[in-house]
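Please build the complete structure, drawing on both the sequences and the hints.
2 protein chains.
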Amino acid sequence: MLIISDYPSKNFTEKQLLYLSERIKGGLGLVMIGGWGSFVGLDGNYHKTPLADCLPVLMQPSDDRMNISSPCLVSYDTHHQIIEGLPFETNAPVIGGFNAVQAKPRAKIVLNATVYKASKVNHPVEFKIGKSYPLLVLDHCGLGKVVAFTSDVAPHWVGGLVDWGDERISAHALGANPVEVGCDYVEFFTRMIQWVSEN
Amino acid sequence: MLIISDYPSKNFTEKQLLYLSERIKGGLGLVMIGGWGSFVGLDGNYHKTPLADCLPVLMQPSDDRMNISSPCLVSYDTHHQIIEGLPFETNAPVIGGFNAVQAKPRAKIVLNATVYKASKVNHPVEFKIGKSYPLLVLDHCGLGKVVAFTSDVAPHWVGGLVDWGDERISAHALGANPVEVGCDYVEFFTRMIQWVSEN
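If you read the sequences in order, they're chains E and X. So the first sequence is numbered by the working numbering: it starts at 55 and just counts up by one. So the second sequence is numbered by the working numbering: it starts at 55 and just counts up by one.
Hint data in this document are derived by calculation from the structure and do not stem from the laboratory. Honestly, I wouldn't trust all of these hints.
One copy or two, either will do: identical chains are not told apart, so a pair holds if it fits within one copy or between any two.
[Claimed, not checked] Pairs of lysine-lysine, PhoX-like flavour, derived with a Cα cap of 25 Å:
hint, residue 1, residue 2
1, K102, K69
2, K174, K162
3, K64, K185
4, K174, K185
5, K69, K185
6, K171, K182
7, K182, K69
8, K158, K79
9, K64, K79
Quick caveat: nothing in here was measured; it's all calculated off a predicted structure.
Structure follows, in structure tokens:
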């Protein structure tokens, strides 16, 4: 499986990108995680690469970053094993931003990001619903499963999602700083990776 | 002026902490910015130091970290020059967490953090108001101005606040990574620092 996260396309050679797209069509799973260096972003620029054909989303021709200061809710769209049983409906997490993409016609949108604006001009606080954007999109490309998660797994775009869940989970990878995150965050990304890995 | 941000108290000697508290009483401004290494936090532990007498807030006896996965709104409490004209009322930003403290009796709470829970059990999304906590607290300690900002200036606790404002501002400090943030975020922290610096 190939996970690309905040890794500008210019870091690959054209030959490598062609090779990867062929491998995906042959059955290699692909996950692209959003960020300033993913999809189009500031310097992702994947819209100009052979991976654009593999990804389950259509990209804009220029900077697609959405940095959201107001509440941006993760909302459930279609049932899928990746999100089954997770409390998206009863305790929706917020994210801090995402790449604005469009799902390809036959791809499946599992989660959306919905932007709200909170104002207290008339007390109490009013939450006005704004636009929704695809957040978790699944598809196949040839024999490979392909996933677009348009927010990030890490700050700052991951937002409150990183702390989602009543239990805390601590981990310490060799050579990295220790982390402490929410259990539902861990469960969600674990399931996403499991789904892409299954044949 | 002294700004302490995510700098565990164990990094100071007892003598240094006493010296700093005397300097503050003599007129040195103090800002403490929240984080896992601020106030009590995971390893801030300022409740056991001489700075506890200077800070405008009372600290808990143990871990005061609040990592919030749901919408956590910054809300206006009392008028003050630091927040004058900033759109807290018409476009409230969200934060990702804070240290849970209590304002000292004579201190001034300017901003609160209010936790909401978003659920879609009954369509449309319902935002249920939860607890509020002091976010920006001002006071004097002797001749020094003292400020507690219990969230962070940086991810992940800063949340959407870092992107607050319609205009983007880019900066690049020598030896650091370039940053791009919202104009209202910059204005807010600039004003906070200005207020502490004024005699």
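Evaluated hints:
When the C-alpha separation of K102 and K69 is checked against a cutoff of 25 Å, the pair qualifies only within one copy, where the shortest distance is 14 Å, while the shortest distance between copies is 59 Å. Within a single copy, K174 and K162 get their C-alpha atoms only as close as 37 Å, which misses the 25 Å cut-off; across copies the closest is 21 Å, which meets it. In this assembly of identical chains, K64 and K185 lie within 25 Å of each other by CA distance neither inside one copy nor across copies; the values are 31 Å within and 47 Å between. Taking the shortest Cα distances, K174 and K185 sit within 25 Å of each other both inside one copy (20 Å) and across copies (17 Å).
For the identical chains of this complex, K69 and K185 are neighbours neither inside a copy (38 Å) nor across copies (55 Å), given an alpha-carbon limit of 25 Å. For the homomeric pair K171 and K182, the shortest alpha-carbon distances inside one copy (5 Å) and between copies (15 Å) are both at most 25 Å. When the C-alpha separation of K182 and K69 is checked against a cutoff of 25 Å, the pair qualifies neither within a copy, at 47 Å, nor between copies, at 52 Å. In this assembly of identical chains, K158 and K79 lie within 25 Å of each other by CA distance solely inside one copy; the values are 16 Å within and 63 Å between copies.
For the identical chains of this complex, K64 and K79 are intra-copy neighbours only, at 22 Å inside a copy versus 54 Å across copies, given an alpha-carbon limit of 25 Å.
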